[in-house]
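Novice: Spelled out from the first residue to the last, the chains are:
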Amino acid sequence: MTNVIEVEKLNLIFSPNTSREFHALKNITMSIKEGEFCILKGVSGSGKSTLLSVMGALLKPTSGKLEVFSNPVSKMPDFHASTFRREHLGFIFQNFNLFDEFTVLENVQTALIPTGTSVSHMKTRALELLSMVNLKDKKDTFARNLSGGEKQRCAIARALINNPKLILADEPTANLDKKNSENVIEILTKLNQQGTTILVATHDEIFEQMVPNLNVIHIKEGTLL
Amino acid sequence: MNFFKFASLTLVRNLSKNIIVFIFFTLFIFIASSFIFTASSLQNSLDAELETQPDIIVQYKKASRNHPIDTSIIDEISDIPGVEKVYERIFGYYFFDTANKYINVLGIDFLDDEQEKQIKHLYKNFDLKSFLQEDNMLVSSSVKKLLEQYYYEKFFNFIVEDEEPKKVNIYGVFDKKINLFLNDSVIMEMAMAKDILGYEENEASEIAIIVPNKLEIDNIVQKLLVITPTSKIITKNNMYKYSHELYDYKGGIFLSLFITSFLGFLVIFYSQASSINGAGKKQIGILRAIGWSINDIIKWKMSEAVIVSFVSFLSGVLLSYVYIFLFKNNIFVSIFLGSENVYKDIILEPFFDINSFVILFFITIIPYLASTLHPAWKSSIADPTEAIK
Amino acid sequence: MIFSKSLVAFLFVEVTIGLLFIFSFYFAYMILTRWNFNSPSKLQYTLEKRDYFVSLILYFALSSKVVLLPFFINLLNSLSEKLPGAMCAAGVVSANEYGQLLLILKVVIIFVSGTWLILNAKDKLEVNLPYVKPRYYLYLILFFLIIFELLIEYLYFTNISTEEVVLCCSALYGANSNGLTLPFGLDIFAVLYLFYATWVLLFLSYIKKYLLINTVANIFYLVLSFYALTYFFSTYVYELPTHKCPYCLFQKEYHYIGYLLWGSLIGGSFYAIAGFVVSKITRFKTDYLYRNSLVLDTIFILACTLYVVVYYLKNGVFL
Ligand SMILES: Nc1ncnc2c1ncn2[C@@H]1O[C@H](COP(=O)(O)OP(=O)(O)OP(=O)(O)O)[C@@H](O)[C@H]1O
Ligand SMILES: [Mg+2]
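Protein chains in written order, with the working numbering: chain E, 802 to 1026; chain A, 346 to 734; chain C, 46 to 364.
Read the hints as simulated data drawn from the structure, not as lab findings.
A hint or two may mislead.
What the hints assert, rightly or not - Here are the simulated lysine to any residue pairs, SDA-like style, with alpha carbons at most 25 Å apart:
#	chain 1	residue 1	chain 2	residue 2
1	A	K627	A	L542
2	E	K861	C	K127
3	A	K586	C	E93
4	A	K577	A	A618
5	A	K734	E	N812
6	C	K94	A	I579
7	C	K169	C	I264
8	C	K127	A	I579
9	C	K94	E	N812
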């Protein structure tokens, strides 16, 4: 099976050559295969979010090689990095990151705006995903009025709208109760079974309990164990 | 959804944050647009008024002030080939002492077709015979109001130097709507006007010449210079040019003031727009994470600016249209006509001068958009990892 | 010094654009001197972001300049009211030695900034931004053009006297003009013949994809069109054999046809030149630019010819 993500000797230093210099990722070498369900485990401050950001081309590494779907992500200029994110990646966040003043439907559609998709297609596609995450009847509700679980399902719908083959999730269950966490993991598992590669940064035990064939990667102080 | 739709949603849903800019922008447009409407409407009325004026006017100036001109040259001028008609004109300000106001007295030769024509449309059912039987005058509605304040209901006593006060009956009132520039005027028989304004019988304020063939005008001016070398000769073209220059000049001054204060607004706006708060940064981080590029963020921000500026522009122009043309006594008229002599009772003729609004567009929307470029770019490059923190 | 509302507004916008350029110059200079795409340094990352600011300013400047050009022409026409002797913009442009230069500068600036933006779009499609250097050398040229234009604008408007009598268009282009005449001693029929022949050459070189020939032909076409329009076609627009003028076309009496004619002509040349420059610098195909060029050139020639044909049909004779 091909590697979706390939990392080799990746280093990231914040504010190099200053008194605030901080070596956040140290010599990381790893790879994730297509169709894998991985979790990245480590204590707070160990560098999980930072690693996800680098993989999502939101942050440029200081040195090392990083390829996602064979794209040299770390070297791509903004236009390509954004297109790459849009076409290949779906981001899910700990605190949902919805636009409170937008409705559920509008939130989901925002990810399609740069593609120039037609209005009607945009709407059908958004509704399709909302029904998949069981949120269709809330489509006109403002995001601020949703419950935590609903918010996260809306965010998942938004992440999926461009049909990404890789999902990067940063502690997606940290702000949810048990039932909602299970719900989110069920959705992720289902996607994984359909072939989507999933990488979740978390310290929630629930993943290990629920997901079969889970690949666990440990990270500590910026180094993989 | 596209960038415009998205931008309009972010604007509307955060209305409380954006409303201040919108209100100020609209206010600026309102002021400038009111000024333009007033100026161009006045200019337009003035042009229409000039249209009815004679082709050439001959005046006698002393120290650049208008002096009575000797009417004996009229016959000589009539003999110039190409001249159809020559007549004298009488006008001047009469100082109404008690009220401390000036009244413009116009003398008309009612037996002359040309001059009578100009008066006819001012007053319906004008009966020349009964008018000329006694000492009568026509007054504008504003003058009528003024006289009534001092209990002159039926007549008015003009104080004339070395003579008994001259009692003139108010024959009728002409409508101010018909002629803006006669707003402070009274119209009477020529001899009487001469008497009141202190002219000798062989004197006039100016001499008017009608020339049917406009191509002859330059020639005739040359000949007039021979007949009366000391006189000032004004052609209709001069009058147009002069009036346009005056308005353009006042307009230019206003414009400079306007631009200066608008720049002040922009500086404040710029400093406000270029400081993005935490929530704003987060919002941009999220968009970047879900696949928006730097350019996409710029497009969104610029769409917001375009919407704000166009909506403000349209509402400012619309509001000022209503204010200027549907309400009496707007304050902008006094900027142009001065406030002392206007009897402030003016409704302007609606007139829309596209060029002025193109100008307004350029001096407001372009600088506004220019001042949003840097803030838009600055927010677009906000740290995209904000979303993950 | 001449004064009008339109002029104040016009200069104000021009100065605004000039200031934006000065504002962006430091960024551009840094990019030009410090750019190193392969460096992972923070500086390089910052420069990549600044590139967006410079392109944003150029985009804004070009759009403003494009809408400002017809406004400028209109301004010149309206200033003719204030200059003794002038009937249209022709007299105002020739009021001093800077007028012609200013007009040419304006067109050149639109050409350069348009080309820059096309290059920029192509650059962003590449994964390593390979055209940054040529883009920023072009930016330097543009920067100096903009500053030079401001200077010429200042000189031009401060040196217009409202007292001195200027020439009207019939004196400049008319029968007994002592100003411009046809070049190389050609007569008008030779110019017309060349004009139509050049269009055929444009068409053929487009079909055959001889891009260099097409670009050169476009430049010829621009020059020939100026003479053909001024000395021949304009008389059919005015329906007067003696009225020859490239500027009166912009007036209301002639349905503002000048904007279409000159707009299509300048646009046509722009696309051909931009197409050539872009195809030399980048690896992208520029056929669509040449197609736009041909379409605009064809609109121009059709509109001109139509005036003659319609006149003939209406009156049964040529002028
Ligand atoms: N922009 C930055 N500048 C300097 N240091 C940073 C920056 N961003 C993160 N760090 C540091 O990098 C380390 C890793 O941060 P990161 O957010 O990846 O941790 P994490 O594993 O996601 O922790 P948590 O579980 O709390 O989310 C932290 O010590 C943090 O302080
Ligand atoms: Mg984290």
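Novice: Run through the hints listed earlier and report the numbers of any the structure violates, in increasing order.
Specialist: 1, 2, 3, 4, 6, 7
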